[in-house]
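Heads up: the sequence lines are chains A and B, in that order.
Just so you know, the numbering used here puts 106 at position 106 of the first sequence, and the rest follows in order with no gaps.
Just so you know, the numbering used here puts 711 at position 368 of the second sequence, and the rest follows in order with no gaps.
These are computed hints drawn from the structure, not numbers from a lab.
Misleading hints may appear alongside valid ones.
Claimed, not checked - Keeping only pairs whose Cα atoms sit at most 25 angstroms apart, straight-line, the calculated SDA-like set for lysine to any residue is:
id, chain 1, residue 1, chain 2, residue 2
1, B, Lys-610, A, Gly-131
2, A, Lys-279, B, Asp-694
3, B, Lys-610, A, Thr-230
4, B, Lys-502, B, His-540
5, B, Lys-671, A, Tyr-223
6, B, Lys-706, A, Leu-198
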Amino acid sequence: MNNRVWGTVLLTFFVLLVAAALILIVGASPLDAVRIFINGVLGTSNGVAEIMVKATPLIFTGLGVSLSLRTGFFNIGAEGQFYLGAMGAAMVAIYLTALPGPLRILLSMLAALLVGGIWALIPAVMKNRLGISEAVSTIMLNYIAIMIVGIAVRGFLQQPDSALPQSAQVEEAARFPQLWHPTRLHAGFLVALLCVVLVWFILERTSVGFEMRMTGHNQRAAYCLGLPITRSVALCALIGGGLAGLAGCAEILGIQFRLLEGMSSGVGYTAVLIALLAKNRPFNVLVVSLLYAAFQVGANSMQRQLGVPSAIVTIITGLIVLILLGSSVGTKMKESKGLKVKT
Amino acid sequence: MAYLEMRGITKGFQGVLANDKIDFCLEEGEIHALLGENGAGKTTLMNILYGLYQPDGGDIFLRGEKVNIQNPKDAINLGIGMVHQHFMLVSKMTMLQNIVLGLRPYGSPFFNKAKLRQDLEALCERYGLGVELDVPVNRLSVGIQQRGEIIKALYREAKLLVLDEPTAVLTPQEILEFFDIMRALKAKGCSIILISHKLQEILDVADRATVLRDGKAITTVKTKETNEVALSNAMIGRMLQEGSAHRETFAHDQPALSVSGLGLQEKEDLPVFKDISFDLYQGEVLGIAGVDGNGQLELAEALTGIRKHSQGDIVFRGQSISQLSIRKRFELGMAYVPSDRHRDGLIMDADVKSNIALRGYYKAPMSKRGILAANYIEETSERLVQDYHVKTAGIGQQSRLLSGGNQQKVILGREINSDPSVIIAAQPTRGLDIGATEQMRNLLMNFRNQGKSVLLISTDLDELLQMSDRILVMYKGCVAGVLKNDETLDLDTLGLLMGGYTCEVVADEQ
Numbered sequence: 001m002n003n004r005v006w007g008t009v010l011l012t013f014f015v016l017l018v019a020a021a022l023i024l025i026v027g028a029s030p031l032d033a034v035r036i037f038i039n040g041v042l043g044t045s046n047g048v049a050e051i052m053v054k055a056t057p058l059i060f061t062g063l064g065v066s067l068s069l070r071t072g073f074f075n076i077g078a079e080g081q082f083y084l085g086a087m088g089a090a091m092v093a094i095y096l097t098a099l100p101g102p103l104r105i106l107l108s109m110l111a112a113l114l115v116g117g118i119w120a121l122i123p124a125v126m127k128n129r130l131g132i133s134e135a136v137s138t139i140m141l142n143y144i145a146i147m148i149v150g151i152a153v154r155g156f157l158q159q160p161d162s163a164l165p166q167s168a169q170v171e172e173a174a175r176f177p178q179l180w181h182p183t184r185l186h187a188g189f190l191v192a193l194l195c196v197v198l199v200w201f202i203l204e205r206t207s208v209g210f211e212m213r214m215t216g217h218n219q220r221a222a223y224c225l226g227l228p229i230t231r232s233v234a235l236c237a238l239i240g241g242g243l244a245g246l247a248g249c250a251e252i253l254g255i256q257f258r259l260l261e262g263m264s265s266g267v268g269y270t271a272v273l274i275a276l277l278a279k280n281r282p283f284n285v286l287v288v289s290l291l292y293a294a295f296q297v298g299a300n301s302m303q304r305q306l307g308v309p310s311a312i313v314t315i316i317t318g319l320i321v322l323i324l325l326g327s328s329v330g331t332k333m334k335e336s337k338g339l340k341v342k343t
Numbered sequence: 344m345a346y347l348e349m350r351g352i353t354k355g356f357q358g359v360l361a362n363d364k365i366d367f368c369l370e371e372g373e374i375h376a377l378l379g380e381n382g383a384g385k386t387t388l389m390n391i392l393y394g395l396y397q398p399d400g401g402d403i404f405l406r407g408e409k410v411n412i413q414n415p416k417d418a419i420n421l422g423i424g425m426v427h428q429h430f431m432l433v434s435k436m437t438m439l440q441n442i443v444l445g446l447r448p449y450g451s452p453f454f455n456k457a458k459l460r461q462d463l464e465a466l467c468e469r470y471g472l473g474v475e476l477d478v479p480v481n482r483l484s485v486g487i488q489q490r491g492e493i494i495k496a497l498y499r500e501a502k503l504l505v506l507d508e509p510t511a512v513l514t515p516q517e518i519l520e521f522f523d524i525m526r527a528l529k530a531k532g533c534s535i536i537l538i539s540h541k542l543q544e545i546l547d548v549a550d551r552a553t554v555l556r557d558g559k560a561i562t563t564v565k566t567k568e569t570n571e572v573a574l575s576n577a578m579i580g581r582m583l584q585e586g587s588a589h590r591e592t593f594a595h596d597q598p599a600l601s602v603s604g605l606g607l608q609e610k611e612d613l614p615v616f617k618d619i620s621f622d623l624y625q626g627e628v629l630g631i632a633g634v635d636g637n638g639q640l641e642l643a644e645a646l647t648g649i650r651k652h653s654q655g656d657i658v659f660r661g662q663s664i665s666q667l668s669i670r671k672r673f674e675l676g677m678a679y680v681p682s683d684r685h686r687d688g689l690i691m692d693a694d695v696k697s698n699i700a701l702r703g704y705y706k707a708p709m710s711k712r713g714i715l716a717a718n719y720i721e722e723t724s725e726r727l728v729q730d731y732h733v734k735t736a737g738i739g740q741q742s743r744l745l746s747g748g749n750q751q752k753v754i755l756g757r758e759i760n761s762d763p764s765v766i767i768a769a770q771p772t773r774g775l776d777i778g779a780t781e782q783m784r785n786l787l788m789n790f791r792n793q794g795k796s797v798l799l800i801s802t803d804l805d806e807l808l809q810m811s812d813r814i815l816v817m818y819k820g821c822v823a824g825v826l827k828n829d830e831t832l833d834l835d836t837l838g839l840l841m842g843g844y845t846c847e848v849v850a851d852e853q
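The following block holds chain B by itself, in its conformation from the complex (with noise of 0.2 angstroms):
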């Protein structure tokens, strides 16, 4: 009998089916890879599995018996232990206290201090977990925090552990460190489901994987007897579209922004980026690669002048903006796609057509003498929704109702009708379905299709080798390469890159 069984799972948001009828199971003591790329459903499955959501359809069973997990606790008292992407520890708190958070460890309401450490070192071992128990959590590493985030899962007697992207955030060292802790625990008779969409960590650690596409599981495969292509194919379900969008070609000898030695230190210790310099010339899309995390998105906000940079200077059309404020660089050409839409990039509270005019509000044509223009702001806004086919039930509509896609149309279409020259588009397609998805990148390359250039910052590497005249590899802050995207384009070196090897390393590897 399957450990856990979830039969027929669905659940839509806003009409837009995240998980549609899905089946999966999980023996007891395995590791089960859910697959699949972003927007596939994975992680909305694992948030009805952990209580975080409701399904609207199907049930949960766990050891055969129907169950009704209505909230995390409900999961945590039936076993079930979730590490997320970021972590949710309390950064100024130590590894022990985090750990019994909201737990009444014994002798509750004092504190048994030496007990408990007494218990928690037993499970580490037992595990083969090395924690810092009484270090605040921000002095410790990222790979120790997970650990720590699983002690926590052990510690209430998870069995079933819910490991989202575990890998995302770790070095390679890291990793295979992290690879034995799960097999570690797989020995003790843990089950895991580990979310993911890198293959060859699934074909490594995972006995078997569940593939997710468009909200559906697609397939069930044991890991021994697929391979990478396979599960890729039923990962995207298409071969990838490479240059299926129409690319005028441009000479790429002017530069429409040039960035040199560009750095940004905030607090004392690292730097967020430092030493970056390109040039991102007219008519040309620069990818901007890393894994997340890399300084790419303090970048974007240190070009738009969001955040101030440090050391360096900043060319753009044929003068230094460094000192410029938001507005000035905005006013000279410059639009922005922010990552984060609902906090930076959208007044999620105010309505379609005030976010529309949110670029312009303040001078001629859409205010005269400081009074709004409220005519013309609400036919541009009109015009914008119909030309960019924002699904809304009008421009009086609070932008908070919109679904994500819709969001990222407002925004894009606000940025465009300002007649920009460069667009900083950071993740512009991330949580998108695929139509948004398509619609984006069709926008942007029509962009530069007009000889302007889009600087393209995306975890999704698919997107990058689609939309990208060059990538640039950014790692802990530096840049790691520049490569041109074309049929000379390696994977590997591009891979290599991202993991922290430098161009040179990659040449002499090869």
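Next comes chain A alone, as it looks inside the complex (with noise of 0.2 angstroms):
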């Protein structure tokens, strides 16, 4: 227990020395920039806004990944069903005008759900009919779907009167209410703090969780005590690739009101780097997806004002990261080597 008090003092202590030798090498002072990073994280309502902004996406997609996780299916295609409910929600959204606004906004959300479930659901078919590895193909779907967004933004959804490879924007009616002005804060972020909620009570207290997460932990266990885990596996990819359809759903009605290529940012990717930090915990999922979002707010801030390049940050992000798996993965293997010795 000691030790392992002092191997964190110790990382973190190596952390904040890189940290520090990288500030350095780009020529400014690193006192500077840590009161300046603290500050645009905190110092600002803006700031702390933006962090709620930014976790948005990554609260939908790094749910929609761990919940695949937890029946042992490798989402990583998170980015392309990000990329596919958006264009879902922006094509309900843009194009059917006739409805009221919240209605509107309520079916977009829908069929974010459901393309993205449904992008989803594909690897998922593939590995259980096929045994098509999933970790390959969720990253193939997403390259398709990445394609799919050029297309659509450079052909049939294309703003008429642009020659920007953009769509059409979203009427005001139809989009997230603002929260906080005059930050970008949209209703997206209630939205995902709902999923949040709704995910740990399906995977906790409903029958369908229970399957799920006896599914992931034993798939064979479970076969053979006649839990349908097909279903269980299946249910798992149509959820989490509806959710990380959510995501795209909501920056395209909160933040961007329309659709583009590379809106997405990567958060898909990051999205499996969050199930995994957070192992795969709804509650864990919000705290570290809001960490990561402060993370990212704060090395703005300090780009914008020491010109200290926000990749530092990214850099100090990967390091965390690299040793906090490091070190979950090096107890996994110590326990796994006692079982070996105890069969």
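Starting from two chains that each stand alone, build the complex the way the hints lay out.
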């Protein structure tokens, strides 16, 4: 136990040292950097709001990926599910102008949920029926999804009077309400919070969630005991993909108001990281997403005010993640070694 | 001076002493049998010798020198070789590749195959071990694979061989050949520790035998000066409790489960089992005997629906269940205690109450409208833990942390709680201590005494003789014969059936 505490202190020190060294290299004062970093995150209402804004898609995709991981479905396809979800949401929000705003928002979300879910179901079925590794197929489907969006914004979804590869704007009425003027915080964050609670409830309190958890622990035993493991994995993929799709919807209706290429800025991949760090628990996903977003916001203000590249924070984040994952894998290896001896 | 001496070896697992101050001594050029029931501590002792476990106490001396064996590599460097019951061979690689796997043979990192082959052939010749070196292991018979394992150990210059139940997987003919090999090894100066619980084979081939019981070394005797009865008494330590359990009498005219012409063919080669027919009556324990790996476990999985059989039919409670899912069969009243409880019976990472909920979580009263009834599940779990005397820190404890006996109690408790009419129990007491074993058997017997049925698959003959009303013997996937377990039962017949003879042949010979 003591060893662990010392290890953590030592590692924290090491990480700070690396950070200071990197900041010195670019010719800024580390102390200034820290001050501005903290000020950027907590010093202004905009900083605080921005954390929630940036955390919103991470929460959705993080939840989605962690749900898939719970049943042993290694879904790296949140990126593709995000894009297609965004596209589905955009189509509903932009074109169903006959419907009143709130209903259109609701249908938008539903479309994102459905499209993202089906996109995730494809690799699940491919795995179940054909034995194709989902780690490969989900990545491939990401490329396809991104290309589909690329085609859409240059073709059938392109803004009629524009040469830019982008869709028309979503009308004011069909956007997520702003929560905190003048910041960008929108109702999508609340939907994300609701999803955290919902996913937790499904996993921990319902029989369907029980199936998912048990299937994830030991698929063979679950099968032998008559649990519907195929349905369980499929359902997890469907809901998980749907949540990633909702992330896309939140970005469309809350931030961008139109479909764009490159709008995800990699949240689908960051989600895998978040799920791993959160050990697939919904409330942990919320916390980790907020922390991750805070890092980003702080890094941005450092870059703006001191000219310290935000890449430094990305490097530090990567380092921390590696250390955390390394230590958890380390304990796992020790455990499994102990087990091997037991047989 | 003894070649190997183990003094006061002690090793405990979660408070149960698997080895309790065991003294063991092996002379040079001796075949020394280590004898004991399942769970007596034989394998633990040998795993300590091979560096797989560290002892809690005691010392090991090799040629009079104290040695510290931290891992199998140390053991190999000291000239100790082990042939496990389950071979450690990579099935798609050739025997030659398997033998040098993990070594740096001549000219490393390149591979001088010609020289290597010469060496290995010389080695084979020296010990009279014929092995095809260039055939993938999975195309070799079990007996040949075993020889390969021995050559593997010899090539690593083992002077002391530990053979863990080597004959369990062999046919009678292969066993005779294997004895010759052991004698040849002995003649060339190898010392051999033979782990076994087959009395006859120990008397045939070993020089001395050490009997273990409940983790203690009971006695060491010269095989020339002892006999089967003496060894058996030392091993069991008590007279067999024959028919000690109360046994209701039933007419046995109502079949609870009827199996006709059941067959399972999974790949193109041999069927796993074929043409299995029997009736399991109400109020009956039908024992299924046979050496491990003769299709019994697959039969259990076919009955429960885990495997889909390819021929024949299963009739349960008046309807064919061949097409029914695992869950449907369970709902009709078929319960299952799998032989591999860690893999098939429990979710080790989940807590006790989740494991208890696994059979009924999806319907009332354990869940209502899709929402788990946490209170009901907890009450049921508490009740079962109490009724079945499961030793646990609480129903929230991870199942992995329970001892084998307690894990098995959780499984049986869960299965019986669903009020089945037939229990299919595969190796229900394997690896359990004596107390838990007795409890398992009593629970199953009580179940039978309520007019219900148990299909008991076991490789432990004592268990089958104690529990069964009838015993069905399986050999190579077929029914070799069905015997009534009463005073007319002839143990020799049972043994012959398990060894591949059929009832007719046995009758002719007698």
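Flag every earlier hint the structure violates by its number, smallest first. none
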